[in-house]
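Asker: Single-letter residue listing:
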Amino acid sequence: MAAPAPPRYRLGVHRPGLFACALAALALAAAAPAHAQAPPPGVSPDLLDPEGSTGDVGTALGGAIGPVVTIEDIQIAGNRSTSTRLIERSLPFRRGDQLRVSDPRLARARWKLLALGYFREVDLALRRGTRHGQVIVAVVVAERGTVALNRLWFGTSAVAPWWLGADVGDRNFLGSGLALGGGAAYASAGAIVGARPQWAGELRLSAPALRGTRWGAHGAITGQHGSEPYRVSGPPGSGEAADLRAFGYRRLGVRGGPAYTLSSLSSVVADLRVEAIDAAVPIAPTRQLPDGRVTAIDLGLRRGDSRVVSVGLGYTRDNRPDPALPHQGTRVEVAGELGTSLLGGSYDFAVLLGRYDRFWPLTHKSAFGLRLAGGTVIGDAPRFDRIHIGDVDRMVAPRVMGMTTALTAPLDLLGTDNADTVYGEVGGSVTVEYVYQWWRRPHRIYGGDLFVAAGAWTLATTDELRLRDRGAFAALPVDLVLDVGLRIDTEIGVFEFSLANALGRVPRW
Amino acid sequence: MVTRGRAALGVALTLVLALTTAGAEQRPVQRTMRFAERGTTLYVTTDVTNLFDKAAYDRLEDGLASTVVIRLWVYPSGKKTPVAFQLLHREVVYDLWGEIYEVAVTGPSGRRLYRVKYKAEALKLVTGLDQVAIAEVGAIPYEKNFELAIVAELNPVSAETMAEVRRWLSDGAGGGLDRGGSFFGSFVSVFVNLKVPDADRVLRLASQPFYRKRPKR
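So the sequence lines, in the order shown, correspond to chains A and B.
So the first sequence is numbered by the numbering used here: it starts at 377 and just counts up by one.
So the second sequence is numbered by the numbering used here: it starts at -11 and just counts up by one.
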């Protein structure tokens, strides 16, 4: 008796319509997270995501193959402006090193060079050396433009009818590996007594890796000719120019210090800052409240000449695979600054700022983000070092290179007393964000994400907290941040179009 | 007003450009594959040779290791959750002095090493899927349609490496005058933006729908 015939697998293409449906279904299925079966031991569950990359799986499953070779020479070509020595220093191997050709260092070399941000393309290949077992590593690079427009400021308000500024930088100045950057901004003067046109400039120079080591250095020179508005009368949030005054000031400062790369994703940076301030602060500035009372106001600067001398320390760790359109990973940033008269300064103060961004992928197309940012200023900090409303509420105009160009009152969605809030010593924001991946493609406009964000911000002066005649909630201006928009990662940069950004530029007054 | 109008027009044009490019993501390529059942296991025979273009093929002889990672999912037709998953890893390196290709093939049946003389042979070893076990038949009920999805990557990059390569994006201007704004704010900047893909090349394949015919009694 014959054994039963084994089952056959047949094409399930019965009709073109069904075929198309099946293909569409497969496309949908491929777009879904899969958790039916655990991946092999030591391999990330992310492997089950058809849209995700296998990433480290090569290391997890691979093994050493190929012969052991000695690097006889390293030949670099294609670099027109970047120095050969700089490229060699960035490679994770040296002449004379012995390694297997499947050694991860050889594979990583390409990424080490791309991570410099100087090259559009990096190709590595091995060639036979002069003796058996010796090889020549041939590195061919294609340089790319390293000039970046970092920030652009523009807008209009009652304080400054128009302002315009830009910050540009070159990450590989003259091929030296040094980053040279700077910015300039100008703001016209509004019809406020004491106001004058404002301008600011900055020049920065930094070396991310000194002689190929983990040590770097940075320095900056800054100058500012400003005019700071303050309220002397009228109700909180009033937009009448007659309720405002302004005083002029000048700042000239230098800052610089070392930096140290702790790992490929984290670094620390130290700062010494010396700044001279000349401020035409009124002798006894006062404000007439709506009920007729007159109170003294703190403008946060010494009258005449004063100095800021401070030391600072900052730490950054960023492991987000895509900082432009983040869907996973964490960014942590902490910075502290201590200004003291012991070093010759006129202000004794301390500033501690922290930032934490984390993204969790929900599906392969969506993610949940948490953004926390906040800080505190202790002591007698100069006005410019206090936390500004634009730092914590993205729905109002931020400062332009440290200059105040708008006194837009924040939206009062919770009915808290926040209309007068401009500077504070304690402040921060917490925002949750839902991100939806609209598209990804390999060229030109790489990707776009829609996002919806909601959260809260707060900003208060120490006096508001200590000397309050009401509940803490009422004394502590708290309000909501709402935002919705589109982030785009393109060949020419990263852009964000959002409701909050637009609101910050609308001249509410 | 004119300036604002132009800015709005610029934003609108950018948005339109973005919208017109949306949906251009990579879709799987339809491929007819051969399925067979032996014992309690379902096997597939196909290849991912298209993963290699001419440049990638030529790079096989550059003396550096090339890695191919292949993932296979079996989905019930119209469903989003796979019933089986398989992971394959292949690595090839050319020995410049020995003038041979060493190939390591790792899969559910373990790891095998091959030494071959010609590049074409090496390519066949790293891209061929010859009777590869993809599922236990117990997961594939009779008379129901299933499909096989394959994603093959050439030299995939780890998330940490990606983070390292694009880290400079979030370095910021590092300015002294606008420290608070830089610290709290998100970044928007204009530059020549290099996008490093997750892998040198990626190939997505989808099989024809298939089903197990119930054996006759």
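These are computed hints drawn from the structure, not numbers from a lab.
In this text the structure is predicted, and so the values were computed from the model without any measurement.
Mixed in with the good hints, there may be bad ones.
To be verified - Derived CB-CB ranges, DEER-like:
#	chain 1	residue 1	chain 2	residue 2	range
1	A	516	B	41	55 to 65 Å
2	B	83	A	460	27 to 37 Å
3	A	516	B	83	19 to 29 Å
4	A	828	B	85	40 to 50 Å
5	B	108	A	587	42 to 52 Å
6	B	83	A	588	44 to 54 Å
7	A	446	B	101	19 to 29 Å
8	A	525	B	102	50 to 60 Å
9	A	693	B	109	14 to 24 Å
10	B	109	A	579	18 to 28 Å
11	A	878	B	41	17 to 27 Å
No residue lacks a Cβ here, since even glycine has one placed at the ideal position from N, Cα and C.
Asker: For every hint, state whether the structure bears it out.
Answerer: Here's how the hints hold up against the structure:
1. Checked against the hint of 55 to 65 Å, the C-beta distance between residue 516(A) and residue 41(B) comes to roughly 18 Å, which is inconsistent with it.
2. The supplied range of 27 to 37 Å is met by residue 83(B) and residue 460(A), whose beta-carbon atoms lie about 29 Å from each other.
3. Under the hint 19 to 29 Å, the C-beta atoms of residue 516(A) and residue 83(B), about 22 Å apart, fit the expected range.
4. Distance hint for residue 828(A) and residue 85(B): a CB-CB separation of about 59 Å, inconsistent with the stated range 40 to 50 Å.
5. Between residue 108(B) and residue 587(A), the C-beta spacing of about 46 Å keeps the proposed range 42 to 52 Å intact.
6. Taking 44 to 54 Å as the suggested C-beta distance range, the pair residue 83(B) and residue 588(A) does not conform, at roughly 31 Å.
7. Distance hint check for residue 446(A) and residue 101(B): the Cβ-Cβ separation is about 23 Å, which falls inside the suggested range of 19 to 29 Å.
8. At roughly 52 Å, the beta carbons of residue 525(A) and residue 102(B) sit within the given window of 50 to 60 Å.
9. Between residue 693(A) and residue 109(B) the beta carbons are some 46 Å apart, a value that contradicts the proposed interval 14 to 24 Å.
10. Roughly 59 Å separates the CB atoms of residue 109(B) and residue 579(A), a value that falls outside the hinted 18 to 28 Å.
11. Checking the proposed 17 to 27 Å range against residue 878(A) and residue 41(B) shows it is violated: the Cβ atoms sit about 44 Å from each other.
Of the numbered hints listed earlier, those contradicted by the structure are 1, 4, 6, 9, 10 and 11.
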